[in-house]
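Student: Residue numbers (our numbering), protein chains in the order written: chain L, 1 to 361; chain F, 1 to 243; chain Z, 1 to 176.
The set of hints was computed from the structure by calculation and includes no laboratory data. Glycine included, each C-beta is placed from N, C-alpha and C at the ideal position. Everything hinted at is true.
Quick look at which bits of chain L chain F covers, simulated, 3 or more residues with Cβ under 8 Å: (1) 20 to 31; (2) 207 to 216.
Derived list of chain L stretches under chain F, where covered just means 3 residues or more per stretch with a C-beta under 8 Å from a C-beta of chain F: (3) 49 to 58; (4) 66 to 75.
Partner residues aside, some chain L positions facing chain F, computed with beta carbon under 7 Å: (5) M63; (6) E88; (7) C92.
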Amino acid sequence: MAKKELWKGNEAMSETALRAGCRFFSGYPITPQTPITEYLAWRLAEVDGVFIQAESELAAATMLLGASIAGTRALTATAGPGLSLMTESLSCLASGRLPAVIVDVQRGGAATGNLQGAQSDYNMVTKTLGHGGLKGLVYGPSTVEELCDIIYDAWDKAEKYRTPVFILSDASLGQMMEPVDIKPFKQLDESRFDLPYVIGREQSEKKVIQDTPYAGPYNTMSENLDYNYRKYNEVYEKWKEDEVLYEEYMMDDAEYVIIGWGMAARISKSAIRNLRKKGIKVGMIRPISLFPLPEKPLNALDAKKIKGVLVVEMAIPALFYYDVKAQIDKNIPIKANLHCGGYLSQVDEIEEDIMKMAGGK
Amino acid sequence: MDVVYKRSGALSDVSTTYCPGCSHGTAFKLIAEISEELDIVNKLVFATPIGCTTFSAPFHKFSTFMSAHGRAPANATGFKRCNPKRPVIVYQGDGDCAAIGTGESIHAAARGEAFTVVMANNQVYGMTGGQMAPTTLTGQKTTTTPNGRSVEVTGYPIRMAEQIAQLEAPRFVTRQSLHTPKNILQAKAAIKKALELQINEGAYSFVELLCACPTNWGIDPSGIKEYIEKNVIPYFPLGDLKG
Amino acid sequence: MEKSYLFAGSGGQGVQTLGVLVAHASNEEGHFTTFLPAYGGEMRGGTSNCTIKMADEEIGSPEEKLYDNVIVLNKPSYDRFKGRVKKGGNLFINTALIEDAQADGVNIISINLSEAAKEAGSDKALNIVMYGLVLAHTKDISLENAEKVLNDKLGKKEQFRAVNKKAFDIGVNASK
Ligand SMILES: Cc1ncc(C[n+]2csc(CCOP(=O)(O)OP(=O)(O)O)c2C)c(N)n1
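This is chain L alone, in the form it adopts within the complex:
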């Protein structure tokens, strides 16, 4: 195997997206997402793809719908306030069950906030995509390589389930350089232009692509929406069986468990290694899919064996923490280590929290 190359997260992800068959990007510059927009501006041109600098995130995300209806693998990326503007289209993508990939390079704070890494958009995309309560697959990678792995398969999943796929990156992962293997180009076949939500190349039988599924076996819109959203929900439930992704780290003999995702989780790995040197048996469960959340490994934590759980998260107030808490045996003490607004999780503080749990040593 050739030596891995050092790439910045944003750029490695963009190149991998292109190789996964992405041929459409619309975006609106916002730090720390801008390097993605700049990279794809020249790179998509080289492969006869479409790049559009949109007039706003509203428009950028709306353009994804059109590209998806044309059968093209489409991507947008944003951060902070841009995500607020995109929620309208997220709702439409989920409701129209149109495949597309959206990347949020999370930054600190609400409103304008700041430009550092954060995890505060977790609820906004795992609970529902925009208004209306629908879902998409959501991933929270923690290394540049994992970011690439996820986006490489993102459209395959998006098309398989007819869903938007959402990737929660963050400012530090986007700007960080790490060694990666850039993957080979995927070959897509022409059959994609016959997919049910695609209006074909030259001409076609009449197709009506609605972002609200009014059509169905019943006479009223309400009955049909009820019917269709029930079917959507069956898909979401199936994801809980088939699309759960997580990592277990040093869990075999663990008495204390750190639970975190993305950047907070990888930072916690350093703390775990330091604590292990001190003889404290700490492990980690790291969800990679955030929706569906890996519930089973959390449910399986045994109060007879596990003396404490620490959720490490870059969000204040806590968001992910409550999802974890809901899945954990009530007899296991659980605490949160929180930072926000672009303040990354700190190794020494995580160590301290676990030490306190272990008896204040």
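Starting from the structure of chain L, add chains F and Z with the ligand where the hints point.
Tutor: Quick look at chains F and Z with the ligand alone, frame taken from chain L:
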């Protein structure tokens, strides 16, 4: 016997559900006839946003995609860039095009996207029941301007075609009306020209149509012609603004 | 093995390039590597900085409270980061801009980068002198790989290649 008039084959057998005197049905009829004349019934894609046209798909035979309120030009941009061989009509209300979707409208026009925008200017929000639109005339009563639109409070109505005509990229910008048979024929010629420019030269065009909404204007459909001539055309003059 | 580096200086001194070169050299050496630039609001106060970690296992945090090696090219960076060196770690300073450096329990490695760069033939080569000095001193990366990366990344033009080689050698020799 010669056939001098028939229902367009590009319309479906379902009759429209629009109010008496509404112009949307007339506009669809024109588009249907043009699509047959240009032999693009299976090719034309109809992009509808939110407004009284939201539920128009059953009335015609064109492939259709829906968009959120105001966003059809952005949605159509994504579609047309990826699918350049399909002719696209973006059919918007005035509220859609010139209020909530102003940004998308102006920027799609500025980029010269290869589609044709038809804006139905009925001076009200039809679908939601007759509130003020960006085109509502000064003094006009709507449910949100119960004493008549006042310029002190709400400013002046927007002439969208003039806004679009200022931009470099649009090839053909015109305002037409659907209130007399003669105007209907002129409107048809304008839409046809816009579509031909799109198909042959990849050009963006904008056709504003003065439409009637007697239900929300609170007038009898028989009074439409007089109302439009007396109130609407003086503020929204007809004719080509560009190309 | 896990080693951490913090590089800081003013924007025009090529600190980010210096960090990127060390990161590539670490990757060339076969280490797990992370490079994290400070950006946006972090770049206030006349300093630009970045951190690198290299290890023989997967890297957790790309940042540290205290670093094995802190490399400061100007006074504001020295003031801000001199306290971030581990006990027994290395503090590399540019004496052309930092006078009377003091730090307890750490090794101070000094070099006048202005003079060294002039000797190499270009004022801009000061970061390359530091690159040679740092890697020769820490020995975390072989000089062979360090030089290879220098050529791969900055050696496209013949005239730069010669200056860079000279600057690198000056840095390496200064570590002896
Ligand atoms: C974001 C959003 N805000 C408000 C609405 C409600 N709404 C639906 S149609 C409409 C007005 C449409 O008026 P116009 O564009 O003039 O078209 P018409 O119905 O008159 O043909 C409004 C306000 C909506 N669907 N979405």
